[in-house]
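Here are the chains, one letter per residue:
Protein chains: 2
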Amino acid sequence: MGLIDDDLKQIKNIYWQTFSIGKKARAQLKNQKPVVLWFTGLSASGKTTIANLLEEYLHARDRHTFLLDGDNIRHGLNKDLSFTDPDRVENIRRIAEISKLMVEAGLIVIASFISPFYTDRRMARGLMEEGEFIEIYINASIELCASRDPKGLYKKAQNGQIKNFTGIDSGYDIPKRPEIIIDSSNTEAIDAANQILLYLESNNYLDVLDDQI
Amino acid sequence: MGLIDDDLKQIKNIYWQTFSIGKKARAQLKNQKPVVLWFTGLSASGKTTIANLLEEYLHARDRHTFLLDGDNIRHGLNKDLSFTDPDRVENIRRIAEISKLMVEAGLIVIASFISPFYTDRRMARGLMEEGEFIEIYINASIELCASRDPKGLYKKAQNGQIKNFTGIDSGYDIPKRPEIIIDSSNTEAIDAANQILLYLESNNYLDVLDDQI
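Just so you know, the sequences run in chain order Z and E. Note that our numbering has the first sequence beginning at 801, numbered continuously upward. Note that our numbering has the second sequence beginning at 801, numbered continuously upward.
If you're looking for bench data, these hints aren't it; they were derived computationally from the structure. A few of these clues could be false.
Any copy will do: because identical chains look the same in the list, a pair fits if it lies in one copy or spans two.
Derived lysine to aspartate or glutamate pairs resembling DMTMM-like cross-links, with alpha carbons at most 20 Å apart [unchecked claim]:
| id | residue 1 | residue 2 |
| --- | --- | --- |
| 1 | K951 | D969 |
| 2 | K963 | D973 |
| 3 | K879 | E904 |
| 4 | K976 | D991 |
Remember, predicted model here, so these are calculated numbers, not experimental data.
With the hints as extra help, turn the sequences into a complete structure.
Structural data, given as structure tokens:
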């Protein structure tokens, strides 16, 4: 414990003036520019598969990420919310606020939600600073998604067993100017993840210099 | 971009089998055991001062932290909540759920909230796994806190201008078995932060070995 005591003495001298540890300090520690990668698209369009693969790639490069999706949000923070329109809006609002906190914490946040409404996605973007929100539209036709139907949800929606299902009896606003578009009908998940990784590389989100944060 | 392409080819081979990046993988990347340091105590007891100082110490050691407090929660995620009893419960529930997500993300989370009710703190602890919740009781008498009164809140509460103020017309349940107690009436903030840092060191939250995560 001797080393600790010496360290502490030194820290006492250096850090007597209080200051807050902020986004820039954390990002420098991690050599990455914090950002939200916001995946939007129909159910079964391939969002989660691509998002998971991208997270693995980034982790293999020692980058610090976190994936927010229905599994860890709907069963925890947002378990009090239903799928009515006002609750969907509140659902996305809270996800956007958590994303903002995690960007503040220095992370690369991967948010994977249908997020069908333009106004909600604009609200989420509006919470972040310039360059901190990358909208990734996973484009696949409703016919293709309904034919994949891995969880049998489209079938239930078509039979009226599920209400307010995006693409069946609830709308999806196609993103107008997303930073990245992936046509998942003719792109393998691995190529889609690579496409996003290259976007991050070429736009200096990884291996940042001090003055780029 | 040549290096990137080579890297990607290698990653393609290694990571073809999908797997999720979890708490353990992130913690190994950061050489720390993710944990919530939950500060509880009266208004003006010194929670935020000590929490800020502790975060600086941990950051100076390249540890990855995030501080949750009223400033970044009440103005964002929880801006729809008031100070009525049900809203206070919901306030702490959401903070606990965010803390859980951030622990999942591998962080050392510093949560600094009055959190006056035993049941709420027990709920927060119950969300985490064994050893992931460290309750830190910042103990200062109501008389001392009211005499400090840096924001003039006690005076307003005593005049009836603020309702439901902890220690005046709303209760505070003293923690029964907190992991750490700090008597802020006779402890400097810098010594309090050091006491917590030594607790983390001696309980292996920092410099962890693979089999301790």
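If you check each hint against the structure, which ones fail? Hint 4 alone not satisfied by this model.
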